[in-house]
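> Please work from the sequences and hints to get the whole structure.
Chains as they are written, first to last, in full-length UniProt numbering: chain C, 1 to 203; chain H, 1 to 203; chain U, 1 to 203.
No wet-lab data here; the hints were simulated from the structure.
There's no promise every hint is true.
All copies of an identical chain are treated as equivalent in the list; a pair is satisfied when it fits inside any one copy or across any two copies.
Said to hold, decoys possible - SDA-like mimics (lysine to any residue), calculated; alpha carbons at most 25 Å apart, straight line:
{"#": "1", "residue 1": "LYS26", "residue 2": "LEU181"}
{"#": "2", "residue 1": "LYS26", "residue 2": "PRO193"}
{"#": "3", "residue 1": "LYS26", "residue 2": "LEU113"}
{"#": "4", "residue 1": "LYS88", "residue 2": "PHE158"}
{"#": "5", "residue 1": "LYS26", "residue 2": "ILE132"}
{"#": "6", "residue 1": "LYS26", "residue 2": "LYS167"}
{"#": "7", "residue 1": "LYS88", "residue 2": "ARG195"}
{"#": "8", "residue 1": "LYS26", "residue 2": "THR196"}
{"#": "9", "residue 1": "LYS26", "residue 2": "LEU192"}
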Amino acid sequence: MVWDVLNVIGTIAFAISGAIIAMEVKYDIIGTYALGMITAFGGGAVRNLLIGIPIENLWQQTPLFIIALITITIVFLLPAETVHRMKKWNLFDAIGLSAFAVQGGMHAYSNDLPILAIMFSAAITGAGGGIIRDVLAQQKPIVFQKEVYLFWAMLAGFIIGMGWAEKPYQLYILFGVILVLRVMSYRLGWCLPIRTVTKLQEN
Amino acid sequence: MVWDVLNVIGTIAFAISGAIIAMEVKYDIIGTYALGMITAFGGGAVRNLLIGIPIENLWQQTPLFIIALITITIVFLLPAETVHRMKKWNLFDAIGLSAFAVQGGMHAYSNDLPILAIMFSAAITGAGGGIIRDVLAQQKPIVFQKEVYLFWAMLAGFIIGMGWAEKPYQLYILFGVILVLRVMSYRLGWCLPIRTVTKLQEN
Amino acid sequence: MVWDVLNVIGTIAFAISGAIIAMEVKYDIIGTYALGMITAFGGGAVRNLLIGIPIENLWQQTPLFIIALITITIVFLLPAETVHRMKKWNLFDAIGLSAFAVQGGMHAYSNDLPILAIMFSAAITGAGGGIIRDVLAQQKPIVFQKEVYLFWAMLAGFIIGMGWAEKPYQLYILFGVILVLRVMSYRLGWCLPIRTVTKLQEN
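Listed below in structure tokens is the structure:
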């Protein structure tokens, strides 16, 4: 149940985020649908691939596909001003990240994987769609940028892996906390340490 | 038979298109071969991956590999002027798209998949190689750009999925029609609706 | 044994190379770890995927993961000057390329694959991690650039495929030779033929 709710939330949020970026880089309507769908389902596909779940399981989610298609249609039809407001704070990317990170963590946890694998599953499920989205829109992946991103996904995985969040209400709280932390990182410019190494011309 | 003919046509066309782009972005001879091969076989590989066919089936196509290698060799040796002429209208990309879209649609149709899956298979088989090619050449994927592209592949999938093209001659006609439609879109600048959302600096 | 030694060498070298590039493009500490790990394990993952080995075998390499994590931690803590010196000649990328090319070749050879498949396995295992690294750091893949790169990996595969390097000391020598050849290509600007085709504006 929690699983399905998070799945729907994450799918909608990433579909929105993919569609918005597609419109920003001037892709046409089909490109908008394509990028929205790829963003919504890419993270799960990469996770399945890496964890060894048949990737074609993807296709047994017809209701989710329909939800994503409807979502993208709505985004496409919204007035420009509304879309602008939706882009604020990268909110939908953050919702997708949090929902899928928790879900990816739950998935690995229920398979009794070791804690590092659970953290990884949370990270890749939460971040995978966004990475693919940014590569296909020719943008530097937001995931690796300076505001804290992957860390929150891994934190979600860690908390789930320690068995600290098993009941539905705990998982929903975890989702909310990760979401708030991510939005705050972006808004307040929280940074993890960066080591800058300037690029030298070699000869 | 139709399958094999389209396979050969699509492989040759995408090998040419990948090799030309590699030369444009100044990759060396091995890079040209690599990008040509990746473009020619990437779409099928991604489709196999997503549909659940063992991806290593790829390796049972020795004749096709040889055809692609010979094709790239010829492109590499052609005079610059001829290569320029071959780039006109993105013709070879269009041939590859049409051939592989029909073939991808046929593949899914023969497996009794639902119509949406057939359309998807046509789209990803037709467009996958070109997406990988453009990402590796650091160009914005042509697939998502404003002239109609994915739509034609999905149209091919739709027509096949409805059972409107089953006999060889019908499939060849479909290939030709999709090809002409794609070239015309590019030449005449046909566009699907675009929603432009300017990029805002947020604070 | 040779296999394991090369695995450790290649993993360390690519982890260093991924971490350095992440710092160059100003990714944060988690982004640095992520890109380091992806570079270290990406080539093997892509190879497994294409050759049909279950990709989740990746996860049975806990010692290697730990080695890579420690390596990246060290790189992150090194003084800037040392990091600069490590970037010279793309040395670590070259070490990773050579180690994984030989290893990828050995892998395919021990499975009695045909010589072209052995050359391909050497190329993709050696180059795969670097390609993914460069795409994720939004750089033009070094693999395809003008200084000889893929050719050396394929040469390693060819020599292994011909049965000319079977004993451990032969394989170590092969590793060293490929490494020296790659570094010399870069330092001396060795080039394979390039066909430059200028980009035309079409109308």
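> Would you mind marking each hint as holding or not holding in the structure?
Each hint tested on the structure:
Within a single copy, LYS26 and LEU181 get their C-alpha atoms only as close as 31 Å, which misses the 25 Å cut-off; across copies the closest is 22 Å, which meets it. For a Cα distance limit of 25 Å, the shortest separation of LYS26 from PRO193 across copies, 10 Å, qualifies, whereas the shortest one inside one copy, 34 Å, does not. In this homomeric assembly, LYS26 and LEU113 never come within 25 Å of each other (Cα to Cα): the closest approach is 42 Å inside a single copy and 32 Å across copies. For the identical chains of this complex, LYS88 and PHE158 are neighbours neither inside a copy (29 Å) nor across copies (38 Å), given an alpha-carbon limit of 25 Å.
Within a single copy, LYS26 and ILE132 get their C-alpha atoms as close as 17 Å, and across copies as close as 20 Å, so both meet the 25 Å cut-off. Taking the shortest alpha-carbon separations for LYS26 and LYS167, neither the intra-copy value of 43 Å nor the inter-copy value of 39 Å comes in at or below 25 Å. Taking CA atoms no more than 25 Å apart as the test, LYS88 paired with ARG195 passes between copies only; the shortest distance there is 18 Å, against 28 Å inside one copy. For the homomeric pair LYS26 and THR196, the shortest alpha-carbon distance between copies (6 Å) is at most 25 Å, but the shortest distance inside one copy (32 Å) is not.
For the identical chains of this complex, LYS26 and LEU192 are inter-copy neighbours only, at 11 Å across copies versus 32 Å inside a copy, given an alpha-carbon limit of 25 Å.
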